[in-house]
Amino acid sequence: MTGVISYLVFFLILALILSIAVLGLNLQWGFTGLFNAGVAGFIAVGAYVMAILTGPARDAVFGGFGLPFAVGLIGAMVAAGFAALLVGLVTLRLKGEYLAVATFGIAVTIQLVCLNWEYVTGGTLGLISIPNPARALADGPLAQNTLYLLIVVLVGSLAFWCFERIVQSPWGRMLKAIREDEEAAASLGKNPTRIRLESFVIGCMAMGLSGALYVGFIGYVSPSDFLPIVTFQIWTMLIVGGSANNRGAVLGAIIVWAVWTTSGFVISKLVPTEIQAQGGAMQAILIGLILVLMLLGRPRGLIGERISVSRHARF
Amino acid sequence: MVLQHIADGVLSGAVVALGAIGLSFTMKILRFANFSHSELLTWGAYFGLVFLGFTTAFGEFFGGNIGPFSFGWPLLAALVLSAVATSVLALVLHALVFEKLGRGAGHMTMVFASFGIALLLRHLVVLIWGPNPIYYSNELQFAILLPGNVRVLPDQVFLLGLTIVLVVCLHLFMKHSRTGIAMRGVSENPDLAGLSGVNVNNVVRWVWVIGASLAAVAGVLYGLTVQLRPELGFGLILPLFAAAILGGAGSLYGAVIGGLVVGLSENLSVMIIPTSYKPAVPFLLILIILYFRPDGLFGERR
Amino acid sequence: MSKQPVLEATGIVAGYSPDLPILHGINLHVDEGEIVTIIGPNGAGKSTFVKAIAGLVTVSAGNILFNRSDITHINSHQLAKSGVGFVPQTGNVFTTLTIHENLVLGGVTLPAKKANQRIEEIYQMYPVLRERQFEKAAVLSGGQRQILAVARALLTAPKLMLLDEPTAGLSPMAATELFNVVRNLVADGASVLMVEQNARAALRISDRGYVFAEGQNRAQGTAAGLLEDNDIKQIFLGVRKKPDDNSENN
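Protein sequence lines, in the order shown, are assigned to chains A, B and C.
So for the first sequence, the working numbering puts the first residue at 1; every next one is plus one.
So for the second sequence, the working numbering puts the first residue at 1001; every next one is plus one.
So for the third sequence, the working numbering puts the first residue at 2001; every next one is plus one.
It is worth saying that the hints were derived from the structure and are not from the lab.
There's no promise every hint is true.
To be clear about the criterion: a stretch of chain B counts as covered by chain C if any three or more of its residues have a C-beta under 8 Å from a C-beta of chain C, and this derived list gives those stretches [stated by the list, open to error]:
hint	segment
1	1119 to 1129
2	1172 to 1184
Lysine-lysine pairs mimicking DSBU-like chemistry, simulated, CA-CA at most 35 Å apart [unchecked claim]:
hint	chain 1	residue 1	chain 2	residue 2
3	C	Lys2136	C	Lys2081
4	A	Lys269	A	Lys190
5	C	Lys2003	C	Lys2113
6	C	Lys2159	C	Lys2003
7	C	Lys2081	A	Lys95
8	C	Lys2136	C	Lys2233
9	B	Lys1175	C	Lys2114
10	C	Lys2136	B	Lys1175
11	B	Lys1100	A	Lys176
12	B	Lys1175	C	Lys2003
13	B	Lys1100	A	Lys95
14	C	Lys2114	C	Lys2159
15	C	Lys2114	C	Lys2003
16	C	Lys2136	C	Lys2113
17	A	Lys95	B	Lys1278
18	C	Lys2113	C	Lys2081
19	C	Lys2159	C	Lys2113
20	B	Lys1100	B	Lys1175
21	C	Lys2113	B	Lys1175
22	C	Lys2159	C	Lys2136
23	A	Lys176	A	Lys269
24	C	Lys2003	C	Lys2233
25	A	Lys176	A	Lys190
26	C	Lys2114	C	Lys2081
27	C	Lys2136	C	Lys2114
28	B	Lys1100	C	Lys2081
29	B	Lys1175	C	Lys2081
30	C	Lys2159	C	Lys2233
31	B	Lys1175	A	Lys95
32	C	Lys2081	C	Lys2003
Ideal Cβ placement from N, Cα and C applies to all residues, glycine included.
With the hints as extra help, turn the sequences into a complete structure.
Set out below in structure tokens:
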């Protein structure tokens, strides 16, 4: 029984951490129509900054400032937001598929930097021994994880509340206006490029936060945590849940993560260890299939946009 | 040293060019950025491997290797069969996914679906052929020494030659065949092409067949001169997009020039940046092009 | 004279989006060998109507018969094959293709040999096209483009030719020349349905005319009758600019 509970806690921590990134993507894609194919890159920025700010000092590697957890979270968000600002200034004039290509390239580049800039990122080894605040406050893995889950729920709820407020604000309605008809929005005296940039930066900050919470929980960070498959998982979560709906984003995160972990578990039981790579491939194929079938069969997701007058909702 | 980089750049540029032609045509005529196009190179390379197994069994009749190359007739036969098989794969994907999404759904949905297809195709390769690199042949080749101390392998010369032949053939096809003219007509104005009696759906299928066949050839040539691995296509996504965007969607020679520019800048970049950052070079090219021309170098405003 | 109807459109409801129809039940027919002109104020749905026949606008109610067979929901390339030529108002030539290539696409439904023969005939009819056959269509003047567009649609020797404002933007001379081309189409055995702003000049070469207003039939009759009708004269012919006022703008 404790086994089941502790696994459930573990599962929820990761699902909710990912759901924060999905919320960020939802702001970008669901509400603004920005195709960010570099989600993993921005999560990585948050994760590494968290590791550098809160991690212990180490030889020959920059950082390890040992700052408090909350400072790490904020720093991660600021850094991811700053990275997004730089990227956005260059790429947000680009629309549609060119933005997709450019953001895809960013993720690839960020991964290269993570792998190769050893002085800051620790290279392929990554950074280890990142303190988990729950470890200091509770005894035993279950208590520690439950405490961390509480932290994640707290931060996640805050993020959810913020995003709900954002999309219901006049600024949020402006996003949809731009998504539907940029020229009409521009003729109302709004600056679509600026508003798109703001949306992109805020969305990426959520991704950075998600990366930071992940590192705070797992305790280490390495380049292999941010492969393109992560971008893919986040996207599938959004599409499954239903884009342009924050509840859908969270629901999608939980469902897809459940499918991912369950399939991983089943495959690891059935597939001999010699061909583990094939097992991982099966998991990826499953996610790819879910995504394509969703697009074909139920493009608006499980719970889609609440107001369905938009042509975008046909997505 | 510079000359060697230039030679290497031209060779890798030729593979990129072959892949980028198909991508560029899809971007123009099917009107979406197909992230799964580079996976067709991977599948082409592995199909080549499968057919090579068959053709080698019959290949004894045809003698051994051709001239200085590491391969004989069986590989050439496998190359053709792989182009056919890859075309079939592309047509199946088109019929099952892209054609359905093309009606009604926005073009970003197709971009997105192509993401999913890419993931599926890439991991299916791992599932079927395993994660480790494979070679068509274990034979060692002696490099040819060109003036300027440039070394190239005979297979690389074959790669370049075949690329040139294919580009010229495609040019003649586009210029003189009815289907080629129809393709250009559809890419300019699909409605008018339909009204003139062009079956636009057939033209779209031709685009897939041409794109997939060239991708298959590029994949086999890459496998021949480098190696086969499941990430072969994945690593080429950015180079292919860079070449297609640089050359302008729908432009045959644009894609070829784009491919060469990408190949050359990747290989020359190692003189100023660490080799490990080489994969980021096509991305920088894309950024530079798009920063100055947000709709691509020769693109029209949409 | 009892002629066969080539085109019969009954109760056509159509528009660019299903919930916003522009046409509200249009009836129209074109008999064999006729030139029929649709006139009416801007926004009357004249262009939408010919586009609906050509399959470029979705028809949500009513049906269209061409030579007695239903073409209401046919693909545009099948329509071309069955013998309907359409010259849109804008974008009616492939500007990135040469003049010769434009003609090749016009004849794409014919066997290659037959198509070449037809292209040769077109070149005889319009020597200017032969002279410039290897040039891109983009370099042609407005009038030449229009002639190329008609010639492209003519290649298959269609039974019915749909022309959407063929003289828009043409100089008076070019417009006169184009109307001559239209008259010759009938001599070659086609029927013509055209939409024209240049109502007076168009009616002069037409057999019959229809007046559309707000997506509905307003009036119809022989071309001569419409030209004489006082109401029509006042509303549509009087206020219209004379053809001579049109100036070449491209």
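* Pair hint outcome, Lys269 (chain A) versus Lys190 (chain A) [Cα-Cα no greater than 35 Å] -> Violated. Lys269 (chain A) to Lys190 (chain A) sits at ~56 Å, over the 35 Å cutoff.
* To do: Take a quick look at whether Lys176 (chain A) and Lys269 (chain A) sit within 35 Å of each other, Cα to Cα.
  => violated (46 Å)
* To do: Below or equal to 35 Å on CA atoms is what counts here, so check Lys2081 (chain C) against Lys95 (chain A).
  => Given that 35 Å is the threshold and the Cα spacing comes to 39 Å, the pair is violated.
* To do: Verify the proposed pairing of Lys2159 (chain C) with Lys2233 (chain C), using a straight-line Cα cut of 35 Å.
  => Roughly 31 Å between the alpha carbons, so the hint for Lys2159 (chain C) and Lys2233 (chain C) holds.
* **Straight-line alpha-carbon gap Lys2136 (chain C) to Lys2114 (chain C), limit 35 Å** => holds (24 Å)
* Would you check the hint for Lys2114 (chain C) and Lys2081 (chain C), treating anything up to 35 Å between C-alpha atoms as holding? => holds (14 Å)
* To do: Starting from Lys2114 (chain C), check that the Cα of Lys2003 (chain C) is at most 35 Å away, please.
  => Given that 35 Å is the threshold and the Cα spacing comes to 29 Å, the pair holds.
* Lys1100 (chain B) paired with Lys1175 (chain B) [C-alpha distance capped at 35 Å] -> Distance of about 30 Å is within 35 Å: holds.
* Asked: Within 35 Å, alpha carbon to alpha carbon, are Lys2159 (chain C) and Lys2003 (chain C)?
  -> holds (14 Å)
* Within 35 Å, alpha carbon to alpha carbon, are Lys1175 (chain B) and Lys95 (chain A)? -> The given pair, whose Cα atoms are some 32 Å apart, holds under the 35 Å limit.
* Asked: Holds or violated: Lys2136 (chain C) with Lys2233 (chain C), Cα cutoff 35 Å?
  -> violated (42 Å)
* **Pairwise hint evaluation, Lys1175 (chain B) against Lys2136 (chain C), where the allowed Cα distance is 35 Å at most** => holds (13 Å)
In this structure, the hints that do not hold are numbers 1, 4, 7, 8, 12, 23, in rising order.
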